[in-house]
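Fit chains V, E and H to the supplied structure of chain R, relying on the hints for placement.
Number of protein chains: 4
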Amino acid sequence: MATHNFQPTHYHVTIGSHDPVLRIADGDTVITTTIDARGNDAADNTVAERGNPQTGPFYVEGAEPGDALAVTFDRLMPNRRRGFTGNLIAERILEPEFVRTLPPKRDVNWDVDVEQGTVTLSDPESKINGYTVPMAPMVGCFGVAPPRGQAISTATSYVNGGNMDYRGHVEGVTVYFPVATPGALFHIGDGHAVQGDGEIVGTGVEISMDVQFTARVVKNSNIVWPRTENDEYIMAFGNARPLDEALQYATTELLRWLNERYELDTESASIMLGQTIEYEIANVFDPAYTVVAKLRKSWLDRIR
Amino acid sequence: MATHNFQPTHYHVTIGSHDPVLRIADGDTVITTTIDARGNDAADNTVAERGNPQTGPFYVEGAEPGDALAVTFDRLMPNRRRGFTGNLIAERILEPEFVRTLPPKRDVNWDVDVEQGTVTLSDPESKINGYTVPMAPMVGCFGVAPPRGQAISTATSYVNGGNMDYRGHVEGVTVYFPVATPGALFHIGDGHAVQGDGEIVGTGVEISMDVQFTARVVKNSNIVWPRTENDEYIMAFGNARPLDEALQYATTELLRWLNERYELDTESASIMLGQTIEYEIANVFDPAYTVVAKLRKSWLDRIR
Amino acid sequence: MATHNFQPTHYHVTIGSHDPVLRIADGDTVITTTIDARGNDAADNTVAERGNPQTGPFYVEGAEPGDALAVTFDRLMPNRRRGFTGNLIAERILEPEFVRTLPPKRDVNWDVDVEQGTVTLSDPESKINGYTVPMAPMVGCFGVAPPRGQAISTATSYVNGGNMDYRGHVEGVTVYFPVATPGALFHIGDGHAVQGDGEIVGTGVEISMDVQFTARVVKNSNIVWPRTENDEYIMAFGNARPLDEALQYATTELLRWLNERYELDTESASIMLGQTIEYEIANVFDPAYTVVAKLRKSWLDRIR
Amino acid sequence: MATHNFQPTHYHVTIGSHDPVLRIADGDTVITTTIDARGNDAADNTVAERGNPQTGPFYVEGAEPGDALAVTFDRLMPNRRRGFTGNLIAERILEPEFVRTLPPKRDVNWDVDVEQGTVTLSDPESKINGYTVPMAPMVGCFGVAPPRGQAISTATSYVNGGNMDYRGHVEGVTVYFPVATPGALFHIGDGHAVQGDGEIVGTGVEISMDVQFTARVVKNSNIVWPRTENDEYIMAFGNARPLDEALQYATTELLRWLNERYELDTESASIMLGQTIEYEIANVFDPAYTVVAKLRKSWLDRIR
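Protein chains in written order, with numbering that gives the first Met the number 0: chain R, 0 to 303; chain V, 0 to 303; chain E, 0 to 303; chain H, 0 to 303.
So that you can see chain R by itself, here it is in the shape it has in the complex (with noise of 0.2 Å):
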């Protein structure tokens, strides 16, 4: 169980079979930075093209076609002062009539204080400069490399992950992809200081990251679609447009891990799920939109 130390010197902004950076073994932890979506990094300067940048990849030994990785994250950390979001909730998210109505667009600052914990509008034009959020800090776009020899943008997501753009995936929590290549091969970006439901502005509070990552093989899993368990939650990801279609992954996903970690039928599945399912909308802004179906794992203990 190594720790490695990993500075990036390239980045990618797809999503795919190519070169790793470094082999880990099974159960490995990386302390490395990624840099905000527009590919700048800690210290503000531009190192790579805009569009989400990922780190990596990084080869896990013994992750083989078939399998899960499994990948946590032990730390997210907000690595500068500045970062940056959309002004205006995207159109597409909008009544369509209500669009003629809009300004234009731009970008707006935000402070982001580590020490304070808060995240604080510094945008002089703004009539609510100095509105202020806590910070709560997670990464928006990772993945490993998909089937059949993609090579998909990070501007997006699919079965492997990608741009899911969930306010969920924050220090502590687990993340399971399927396998497609030998290594898994995977990639991670796109830090946000913060971010709301559906990161309906385009952005969280996009920033560079110090981050460490702890990585795992589960042998021989039937995953399908990305799943996530935090100490309270499981939840499995719908990764498609439109937002319906992107349910019936998720739901679908859900049903199959109850199959087959806690052999609940798909009726008994059912008949408690309708009682008792989440779901959060991860994000309506990326080409691929994302909603997840979570199940409390207090509602799980209830059977026998």
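Be aware that one or more of the hints could be misleading.
For chains that are exact copies, the list does not tell them apart, and a pair is met inside one copy or across any two.
As the list claims (entries may be wrong) - Straight-line Cα separation of at most 25 Å, PhoX-like style, residue types lysine-lysine; simulated pairs:
1) K218 to K293
2) K126 to K293
3) K296 to K126
4) K104 to K126
5) K296 to K218
6) K104 to K293
In short, the hints are calculated from the structure, not lab data.
Relative to the frame of chain R, chains V, E and H by itself:
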């Protein structure tokens, strides 16, 4: 501010400009009952046709087109023990290929214990018979007469409310509706002892209820879609298919609310909502799906 | 087989169980008029409120729930010269970002010359003033009373027909509707001198019309959605949002039709339709969109 | 204007920046072959993995990002007799409840007779064995390398073309693509002897083909989505889910085309398209659906 006791003798399966059963003054309270989604009353006798039969309508004096009607749910309490749910997640909510694997549909009974505050699966055929969740009573279908003389099926929902099936419509909340016809004509029915997000098995735990509500008229409101308020949140509703479109209506209605009540222009509201908005999926079963766009009131307090 | 001349004196902006204006026998013909979408008659006087006001309803003796009503359009002819259309493709039909570039909305007039069979833009402001297309008269909104006592806005469409806005609903076609109430209660209105696919500017060339139709009862039909037949094609309709769902209904209804009338099982019908089906997008403007699933009759002649 | 004979020795199941198999000059013609969707060649031997394996890519000299590549299909001809299709309309295209009634999936063979120009079902199990339709050869999947270094599965389509499965892509048409990388890198495969609208059984009559095409570079084009032209029509494509969104892209691209080539402003184009546009549903089976927005060229001739 009178309190009226009203015992219904007939029910409606559309929400429309039906003859009022009672005329009440602005600010009055009504104590009445609702029957379950299949038309069964507190004694479990079938007294109306199935499909969310409604108690009412109640004519609220002073309500005119252009106003809003504010209805506060003072009490929502199951008034019998037998509830029932579907046994399967609806076909449209699952991956289409997965639908081929589904067993037959049937109803399952639940025991609703108001004293204990529990709801327990009472279905000897089921592998999880005896499964128990806490009671959390809510109403699924209620609203005011829609515009243009329409009479809209209680299977669905629209700008006037209707079958939104939102688990957050519990005791203590206030719902606002756009008034389309003099007296507003408020209808109510379809109680659930508990429900998960999305109403994915096509039902909550369906039950008859004792209901108490208070109605107030808000003059000259510009409300377009239903809005709900509780101690912690303001919430705007969109009722449509697909989910993407329901979300457009809900998000835009929340912007309108912030603009009217808090004088936030679109850019300021967008900047704030981008990092603070929450969405809930109320139902993905009914002909119109329902999305809730929510904002915690404490986020508004931060705007000086 | 009587022929009735009927001159309307009032109109409806919902399709519902309104008092019939005329009772006719199975097989009878009606000669009447319709007013335009804004309520203007042959003399261009406003005689009803806007929104596709309907002539009727007509009670057809012998029609009972479970039957189909077959209506043949014998004659559809504009009865005045001024028509009008919108000037812009509707916001929802364009890329959301493109909506920001749209100029203001307005109506433009067209000159409908029945003798010449032409429709000519008559709008001095327009850069293409004088643009001419051939006349191709059709009706946009018509149908029978819906189930459950509903009264449905003439803005939209449903299983009972309504505002389907299909350019193929011209003279000579026969439309079949599922009967939900005794007498079927047929309504008709919303004539267009011509229209493109999708009704993308929110209108065809809106016009008042002289109309003649013949109504027949088909006993014990299993029709779920409207069906249309002309010399060349059988066509099944789906009315819903989004288009994907309208297409599901239309395709499945065509399968049901092939099964009932031609005894084709699902596999045989699928194999044939896979290489022969045609789709049309009737409207993408109204609250429910309309998709037509069509099969050329000659493809059916090729089966044994 | 050279003509190149090229015999492929390997194939790609993504469209991306693969090493070119041949470099050709602007205006050159290529005579080559394609294998079927499952990787079977003219001798019906499996020579590649399944999923629309592509011949190419072909590097066209002079093509640069910002240009368009125009490809004319000079010849598309099946080069063996056995074709095959699916036996069932795909689950996602049917009402979800109807999916429960579907029999098992299997392939069925068709006999493709190039001399007679016929395609005949050759499946002894089938009740309509011997069913015959006219041959109408087309290509389903082709395109140029996408932007950002992506490699996109040949199961789907995007701005660069791909698996659009449009039955109108027959001999004689010219397709325009936005060039994203030097040389454009044109790929082609997935021939169908015939296909219905929507590719609803998941296939046309899949077959290997002899193919001849000519490629030209159009400098400084502003094309965003693929465009196709034949003698009668100009056509713009949108590739996305759901159909509503594919239709938005197609319609907006047609507006851009009319603006650039015919100097029609948005209002004039809208007024004309409102009464003249035609839509086709190319495919509703692939991960991205494809809608075609078409305008008959004769409608443009009427603008002086």
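Hint check:
In this assembly of identical chains, K218 and K293 lie within 25 Å of each other by CA distance solely inside one copy; the values are 24 Å within and 41 Å between copies. Taking the closest pair of Cα atoms, K126 and K293 come within 25 Å of each other only across two copies (22 Å); inside a single copy the shortest separation is 37 Å, beyond that limit. When the C-alpha separation of K296 and K126 is checked against a cutoff of 25 Å, the pair qualifies only between copies, where the shortest distance is 19 Å, while the shortest distance within a copy is 43 Å. For the homomeric pair K104 and K126, the shortest alpha-carbon distance inside one copy (16 Å) is at most 25 Å, but the shortest distance between copies (32 Å) is not.
With identical chains, the CA atoms of K296 and K218 are at most 25 Å apart within one copy only, with a shortest distance of 23 Å there and 46 Å across copies. Proximity of K104 to K293 under the C-alpha cut-off of 25 Å is restricted to the inter-copy arrangement: shortest distance 24 Å between copies versus 34 Å within a copy.
Taken one by one, the earlier hints all hold for this structure without exception.
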